[in-house]
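Asker: Okay, here's what each chain looks like letter by letter:
Protein chains: 2
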Amino acid sequence: MYSFNESREIINNTISKINFADDPAELFDPIKYTLSTGGKRLRPALVLMSCELFSGKIDEAIMPALGIEMFHNFTLLHDDIMDKSPIRRNKPTIHKKWNENIAILSGDVMSILSYKYITKCNKEILPSVIDLFNQTAIMVCKGQQYDMNFETLQTVTVDEYLNMIELKTSVLIAASIKLGAILGGANQVDINHMYNFGCNLGMAFQIQDDLLDVYGDLKVFGKKPGGDIIANKKTYLLVKALEIASSEQKVRIYNQLKKKSFDTDKKINAILSVYNELNIKDISIALIKEYLSKSKSDLEKVSSENYKKEQLKELFEILLNRNK
Amino acid sequence: MYSFNESREIINNTISKINFADDPAELFDPIKYTLSTGGKRLRPALVLMSCELFSGKIDEAIMPALGIEMFHNFTLLHDDIMDKSPIRRNKPTIHKKWNENIAILSGDVMSILSYKYITKCNKEILPSVIDLFNQTAIMVCKGQQYDMNFETLQTVTVDEYLNMIELKTSVLIAASIKLGAILGGANQVDINHMYNFGCNLGMAFQIQDDLLDVYGDLKVFGKKPGGDIIANKKTYLLVKALEIASSEQKVRIYNQLKKKSFDTDKKINAILSVYNELNIKDISIALIKEYLSKSKSDLEKVSSENYKKEQLKELFEILLNRNK
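So the protein lines, in turn, are chains A and B.
Here our numbering is used: the first residue of the first sequence is 931, the next is one more, and so on.
Here our numbering is used: the first residue of the second sequence is 931, the next is one more, and so on.
Note that these hints are calculated values from the structure, not bench results.
Warning: the hint list may mix true and false statements.
The list treats identical chains as one, so a pair stands whether inside a single copy or across any two.
[Stated by the list, open to error] In silico DSBU-like cross-links for lysine-lysine, where the CA-CA straight-line distance does not exceed 30 Å:
1. Lys1053 x Lys987
2. Lys1027 x Lys947
3. Lys962 x Lys1014
4. Lys1231 x Lys1243
5. Lys1014 x Lys1027
6. Lys1188 x Lys1026
Quantities reported herein were computed from a predicted structural model and do not represent experimental measurements.
Please model the complete structure; the sequences and the hints are all you need to start from.
Answerer: See below:
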């Protein structure tokens, strides 16, 4: 079984060999650029690992895995336009480096290309692969819309937040794992367990992401902490804090949220002090562990022999230790 | 055989019955709105008519036809953002009525939904349906990019222009007809003839569109003439005029193109007088007839009995007489 890092390497090699030598350059250069800026390659690696768990090989999963990575990068590209983000992976975003029109249209092409690669699979499983991908893609867009809607809402409940990240993040991770299982010839019961394994893993992954934005180590995580706080982003930490805060603490949070101009460090520290009073870090870690525990238990239910699951189990460690 | 108008009616009825009762409203209301604003329903009607030509029925073509219409409307929605068009079909465009983010994201969902509907077909033909659609969708995006590139070019050759409209307009019309033929169980030779029939029909259709913008009857065409002239759009008329114009006539055209502020009627009349001197109307009509003649000849080659082709042949008349 290939490890997570080996699987990512296979994806990176495959991406480096795609031939996009195509006109017009304005359309394909941004796609090459987007794919070359890296990223964790988590989702396509999961497609390969999940496929290998059942079939013992990954050859037929490489193109569909690439399709999943293409789709993920398409969503980031369009999200960056919508969020007006100037930087992604330490590099200028497409709408900044080129322009917004090129970002819209090259994103559209990436969305189409993701279908092209994902459907490079055995004819027999094609209908279920397409159904899975259609449903997933729509859910991801719904998640993005809810996330944008949250920006203008004063209050978002924890349930609303969890529903949003399930749509925006978890279902694509779950679908990657399910896709691998389908490609690997798993039975329907195992396919469902794998989906749930991925969905819970995805929830843990996103909440960990929210946590690292505030409590992450700059050297390891690569981002200056507090970006979400500065942007008033409705993260798990903020939503949970507002749920359990006293009236006085709520006032302190909302005072920061409504400021039009502010010293970023002061704003981060003001919000952070409420988080610390409320033990938000521990509460978040507890929820991450809860999702990881569910995820582990889903993986246990899969009928494959235990030793084959080792590489996938390592993901739990990798995820929990992303900050170290 | 259903006529063109009957086929359009079937599509309109189907669209009116789709249940988009889905959250979040910000994502699905724009899709309902877009589909409810009408349009000619040319492409989905062609899917039905082409399918019926071979199979004698249309039931299995209705959902894929809807997918084609969904895709066409998705491209219009995103094109309208890129072109900053405030009005489409006499109604505010999505980015004007809602906002640009909602227009981007609801367009993305329409693109995904088009795959959902197009792939609602027999498992046996699914791979060829997907291949056709993937290739077509990418060509349409390329066409849009070339069209945008043309805006900043001083000179576009007639060949470059024809290549652009083939990608942006013709291939989707051709693909609609080919899709119908595949769904109707046509053999490969007929499928190819039908594709060529559609491609040539599409070329005629687009050049006719360019012509009607200048020489169309306001009462029938529903648009005030000269919109393309005002917008400096590189139409067949402009590209051809610049190809055959004398130095003096070129100067008169470029003088108009470079004006930042102008009286619209004066600008239209100035360009129109060059067109008239150069006989651009007749030259355009001759090219339209040339494409229609090729298109007719492609349809003749299709092995179906002649009487079955009558409804499709009527399209040539409908197209040529759009101005009356």
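Asker: Please work out whether the CA atoms of Lys1188 and Lys1026 approach to 30 Å or closer within one copy, between two copies, in both situations, or in neither?
Answerer: Classified as both; 27 Å inside a copy, 28 Å across copies.
Asker: With identical chains treated as interchangeable, where does the CA-CA distance between Lys962 and Lys1014 reach 30 Å or less: within a copy, between copies, both, or neither?
Answerer: For Lys962 and Lys1014, the Cα distance is within 30 Å both inside one copy (21 Å) and across copies (27 Å).
Asker: Given identical chains, is Lys1014 near Lys1027, meaning Cα to Cα at most 30 Å, within a copy, between copies, both, or neither?
Answerer: Answer is both; intra-copy 13 Å and inter-copy 20 Å each pass.
Asker: For Lys1027 vs Lys947, is the C-alpha pair at or below 30 Å within one copy, between two copies, both, or neither?
Answerer: Answer is within: at 24 Å inside a copy they meet the 30 Å cutoff, but 43 Å across does not.
Asker: At most 30 Å between alpha carbons: which applies to Lys1053 and Lys987, within, between, both or neither?
Answerer: Both, since 18 Å and 26 Å are each at most 30 Å.
Asker: With identical chains, the pair Lys1231 and Lys1243 could be close in the same copy or across copies; at 30 Å between alpha carbons, which is it: within, between, both, or neither?
Answerer: within (13 Å within a copy, 61 Å between copies)
When each numbered hint is compared with the structure, no violation occurs for any of them.
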